[in-house]
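Next come the chains, spelled out residue by residue.
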Amino acid sequence: MRITNTMLMHRAIRDLDKLREQYARAQDAVNGRVLTRPSDDPKRVEEAMQLSGMELRMERIQRAAEDALDWLRVTETHLTAIIDRLQAAREAVVQAGGPLALGPEGQQSLAATLRSIRESLMQELNSQHRGLYLFSGYKTDTRPFVESGGTLQYQGGPDQELVRTVAPGFTVAVTVPGNWLHADEVIGALDQMIADLEAGNIENLTATGLPALDKALENLTVIRSDLGLRQNQVTQYMEQARDSILLIKERLTKISGGDLETAVLEMTEAQTAYLAALACFAKALPQSLIDYMLR
Amino acid sequence: MITSLFTGMYNAVRGLQHAQTAVTVHGSNIAHANDTAYTRRQVLTPTEAGITGPGIARIRDLFIDQQYRSVSASLGEAEARQDVLSKVEDILGDPVAGGLRKALDEFFDAWQALADDPTSGVARLQVLSAGRQFVNEIRTAYRGFAELQETVNDDLVDNMREVNNLLNQVFELNKRISYLTRNQMNDADLRDLRDLALDKLAKLVGATATEGEDGVVRITVGSTSVLYGPTVLTLVMGATGQPVWQSADGTQHPYTGGGVIAGLVSVRDEELQTLKQEIALLARQVAEAVNRLHSDPPFFVDTDNPWKLAVNPDLTPDKIMTGPSGLPSDGEIARQIAALATEGIDGWDSSSIVTQALMTPGTFYQNLVGWVGIKAADANLSYEVARTHLAAEEEQRQASWGVSLDEEVAGMMMQQKAYAACARLITVMDEMLQTLIDAIR
Numbered sequence: 001m002r003i004t005n006t007m008l009m010h011r012a013i014r015d016l017d018k019l020r021e022q023y024a025r026a027q028d029a030v031n032g033r034v035l036t037r038p039s040d041d042p043k044r045v046e047e048a049m050q051l052s053g054m055e056l057r058m059e060r061i062q063r064a065a066e067d068a069l070d071w072l073r074v075t076e077t078h079l080t081a082i083i084d085r086l087q088a089a090r091e092a093v094v095q096a097g098g099p100l101a102l103g104p105e106g107q108q109s110l111a112a113t114l115r116s117i118r119e120s121l122m123q124e125l126n127s128q129h130r131g132l133y134l135f136s137g138y139k140t141d142t143r144p145f146v147e148s149g150g151t152l153q154y155q156g157g158p159d160q161e162l163v164r165t166v167a168p169g170f171t172v173a174v175t176v177p178g179n180w181l182h183a184d185e186v187i188g189a190l191d192q193m194i195a196d197l198e199a200g201n202i203e204n205l206t207a208t209g210l211p212a213l214d215k216a217l218e219n220l221t222v223i224r225s226d227l228g229l230r231q232n233q234v235t236q237y238m239e240q241a242r243d244s245i246l247l248i249k250e251r252l253t254k255i256s257g258g259d260l261e262t263a264v265l266e267m268t269e270a271q272t273a274y275l276a277a278l279a280c281f282a283k284a285l286p287q288s289l290i291d292y293m294l295r
Numbered sequence: 001m002i003t004s005l006f007t008g009m010y011n012a013v014r015g016l017q018h019a020q021t022a023v024t025v026h027g028s029n030i031a032h033a034n035d036t037a038y039t040r041r042q043v044l045t046p047t048e049a050g051i052t053g054p055g056i057a058r059i060r061d062l063f064i065d066q067q068y069r070s071v072s073a074s075l076g077e078a079e080a081r082q083d084v085l086s087k088v089e090d091i092l093g094d095p096v097a098g099g100l101r102k103a104l105d106e107f108f109d110a111w112q113a114l115a116d117d118p119t120s121g122v123a124r125l126q127v128l129s130a131g132r133q134f135v136n137e138i139r140t141a142y143r144g145f146a147e148l149q150e151t152v153n154d155d156l157v158d159n160m161r162e163v164n165n166l167l168n169q170v171f172e173l174n175k176r177i178s179y180l181t182r183n184q185m186n187d188a189d190l191r192d193l194r195d196l197a198l199d200k201l202a203k204l205v206g207a208t209a210t211e212g213e214d215g216v217v218r219i220t221v222g223s224t225s226v227l228y229g230p231t232v233l234t235l236v237m238g239a240t241g242q243p244v245w246q247s248a249d250g251t252q253h254p255y256t257g258g259g260v261i262a263g264l265v266s267v268r269d270e271e272l273q274t275l276k277q278e279i280a281l282l283a284r285q286v287a288e289a290v291n292r293l294h295s296d297p298p299f300f301v302d303t304d305n306p307w308k309l310a311v312n313p314d315l316t317p318d319k320i321m322t323g324p325s326g327l328p329s330d331g332e333i334a335r336q337i338a339a340l341a342t343e344g345i346d347g348w349d350s351s352s353i354v355t356q357a358l359m360t361p362g363t364f365y366q367n368l369v370g371w372v373g374i375k376a377a378d379a380n381l382s383y384e385v386a387r388t389h390l391a392a393e394e395e396q397r398q399a400s401w402g403v404s405l406d407e408e409v410a411g412m413m414m415q416q417k418a419y420a421a422c423a424r425l426i427t428v429m430d431e432m433l434q435t436l437i438d439a440i441r
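These protein sequence lines are chains B and S, in that order.
The numbers in the numbering used here rise by one with no breaks, and the one at position 206 of the first sequence is 206.
The numbers in the numbering used here rise by one with no breaks, and the one at position 363 of the second sequence is 363.
One chain only, chain S, in its complex shape:
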């Protein structure tokens, strides 16, 4: 078969076009080399692209994305819990050298000192001051936990707003991507944006996404489809303070997802709630046990309200009853109160911390701190594990669609040479044609 010189010319032109497009794509890749949300692109080889001209492919792996997002949901949950529990530890203060435990020890120590020397005015003053210190520490801890609970709730509301924004963003991107896909136009940038939104949603609520033929994704959270076709659900705070999905007609579906939202809800309703209850229990048990022994006048007032618990304001040093007889050196009551620290108080309600009904307040508080310690250490560990796991997944992603400058530079060199070669080809053909044309003259 004999081919015309012009056919070769066309081939060379296609080679030039391909090299031009490829250099543009390399340029775009290099420009985004440090952008982790960017998906590396490649020019389809002329053979792959067929006769329609140069095409661009986005190197993305759905399987890796799914893995990444599922780990990201775990990380979101662990991170939210770890953050709050470390604040809980801050509120408890130095467990050994300070805080509530020290106030508790010093309160009973002051009573012991008074028992040993009931006639001492200083010992009486010390009992009052240690009592106030104890009350202060109780209030500080209780207020700390209550305020932290509020903060977590605010945080939850903010994050829910973010979830709704992201869902709407994906909904809009869906529409545009579907249009571009139908018209065979380049939708790579929009897809990068959508994937970024889906990553964020995975971390916040543990959303999973599936893509249809038309390039449209639908999103499922737990057992609820929250974005499908024209329907988008909204995440709102339900009547009981639990997040719920609400559709346009007002129907509500319970939230069954994971991620940051689930972490915040669990730490708000479990750990912080428990801590508030336990601190209130500690305050009540100690105050009531002391009042049972020192009843006239009562040593503490408002014993069942940790916000208001106080040392009886009417109590002056001389009104402290050191012994039942009221005689100056009778320290029996003081001794019995001091003994609460070693012999224990009866009637602790069973809870996650109480191990038996008769316990010393020190043991109770120790158990509480131990419980917080274990919870926080668990949260730290889960967070660490999830973080390391996510880093590995991130590596997977980078390995598969991150930009390697070396590759891009090498590719550009290749395209440069190819371009020069094709251009040279055209010059050769031009010269051949010229020779032919000159022959006519």
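Extracted from the complex, chain B is given alone in its bound form:
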């Protein structure tokens, strides 16, 4: 093939261009920018987009799960307090060795104990977390249990549970709607027992009072154990979310060019090749026969 000086020049320029391009790409990789345009690698860009979307969602889920755990613990604490009070009431009645054995004074003091338990129960039933009522469903700004005309009214939203999204598409209830507690029956039973004590209808205490308390306790215990199960569930999801975030981060770093060792190696290679080509270009190209003849 006939080779002219211009051809040599053009070839050298083209080769230098290519080397510069390689060098720039290697440099981008070192700086962690491999996927800056969709055309860099459409499949990987798609994956990276999906991953960064997932990362954001998992972070939100992790926060929601922490929040859910917080709410579940608070709900459980208050529910436990309610159960403890009721248990105390029950024990007070039972330990009195049968109210019949008590004298009228003993009966009065038992009534007083029950009344103080009733008071602290009311407080627990209307307890708040972060300024929101725990047991009023969605009506977190409304006091759930109010006494009017001697009966307990539930003013919260019936059957409304606050929920948190703890896994993609999966929610868990973090509170218990007040009406599920059957507080009116619980308070009613206590009131009845107090009234019976005061009226001297002592046998009613064991005949109807204690069974009513037991029934309420059973209901509350079931709800509490459910809360415990939910806490375990949320903890599991939280760990899952944490693991997923780690995996996503790792994969993202990998596909968007976090392999620093290879990147640096490639950059050094590209640099060496470029420098060698430059030296070669500077030496060979400016020469022609004209440098030796016709002087």
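Derived by calculation from the structure, the hints in this document are not laboratory data.
Accuracy of the hints is not assured; some may be wrong.
Example chain S residues on the side facing chain B (calculated, C-beta under 7 Å, incomplete) [claimed, not checked]: (1) Pro95; (2) Ala357; (3) Leu358; (4) Gly362; (5) Gly370; (6) Gly402.
Pulled from the structure, derived: some chain B residues nowhere near chain S, Cβ distances all over 10 Å [unchecked claim]: (7) Thr4; (8) Ser116; (9) Gly169; (10) Ala212; (11) Thr262; (12) Cys280.
Heads up, the beta-carbon is just placed ideally off N, CA and C, and yes, glycines get one too.
Starting from the known structure of chain B, arrange chain S on it as the hints suggest.
Here is chain S on its own, set in the frame of chain B:
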């Protein structure tokens, strides 16, 4: 046979003339050594030139020209598409760390945060701000594509003007070359000019040229003869925005060529048009799905106009409906809106990007970016291939008619020696004649 001394003298003179002309030609070649449009010239040997005196030949190969021009047309088309599609990528921004995708993710994330804590004033503000950010990104992308389409159109008009200029240039050169050819004069410079114009036309419209006996070329673009004899067609923008060839009497022929013009038309009418439609579809689908859940008051207004789409200006943080009951901790609506991001929106119109009727907006946008990525990567590849191919063709041309300084310098040396030899010959003959003349005295 006995020859006269004067015959030898004539031979020597012709040798001198040949060497003189040859040095001029070498000089011209050296002067144009770096001019890629220049065709190397050679002095015909005295035998080739016959008795008319020194002649000059232009070393040009029609076959190589045809090859070069056909590749050049592909390059023109690929280059135009690659350039526009890389601008499309610029408009989309960093696909992973920014842009529309991030705004979309953050918008739904803000709803999720609100669902988890409907009483939070900050979460409400965040939903509004993320909504505005999403709208902004939609508008920016849509405006970007619409403006790019306009730019491509302007570019198209400029290039069409250039095509018409070049055709007229070839028409004029045809006339002069034909005159010079008829009168056996040197037309090499004009032919170089004409070949340059034909190269440019090949890149712009994929024109092919054939040369007649009289040195006149006729030009065909696709299936249309656009320059033949005294007829030159003009490339104009037709009524439907498509380029058409128009003759002097107003008849129009559709444009069937390739090159830059074809590349610009295809990217303007296909890719950019599709992108505008898809962005409008994304905006409408997301805005309407959110409005279906948050209808009183609607969260977005002007949902089917990407230029005007906005978060309802009447919407204040307290007017955001987090749940159907309107109770402070009811986050059901917010939860359902957030779930659009994972469970998808129904009713995507079928298009080049939509793979199914029920899709999440994130998947839709991912598909869109993937589609752009594949188109752009294809364009980059075609461009790279065409460029490499053209470089090879350019080498072919240079190998065949590029100037080699070494050759020219060596040639000049040869001519210098030949000149000296011929001059010496004349001196010898002069001396011989002198001897003869002296003998008479």
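Hints, verified against the model:
1. Pro95: holds (5 Å)
2. Ala357: violated (20 Å)
3. Leu358: violated (14 Å)
4. Gly362: Where the cut-off is 7 Å and the nearest Cβ of chain B is about 5 Å from Gly362 (chain S), the hint holds.
5. Gly370: Holds, because the Cβ-Cβ distance from Gly370 (chain S) to chain B comes to roughly 5 Å (cut-off 7 Å).
6. Gly402: Hint holds; Gly402 (chain S) Cβ to chain B Cβ min 4 Å, cut 7 Å.
7. Thr4: The claim breaks: Thr4 (chain B) does not keep its Cβ more than 10 Å from every Cβ of chain S (closest is about 4 Å).
8. Ser116: Check passes; 32 Å lies beyond 10 Å.
9. Gly169: Check fails; 6 Å does not lie beyond 10 Å.
10. Ala212: holds (31 Å)
11. Thr262: Given a closest Cβ separation of 20 Å, the condition holds.
12. Cys280: Per Cβ check, Cys280 (chain B) is outside 10 Å of chain S; nearest 19 Å; holds.
Consistency note: the structure conflicts with the earlier hints numbered 2, 3, 7, 9.
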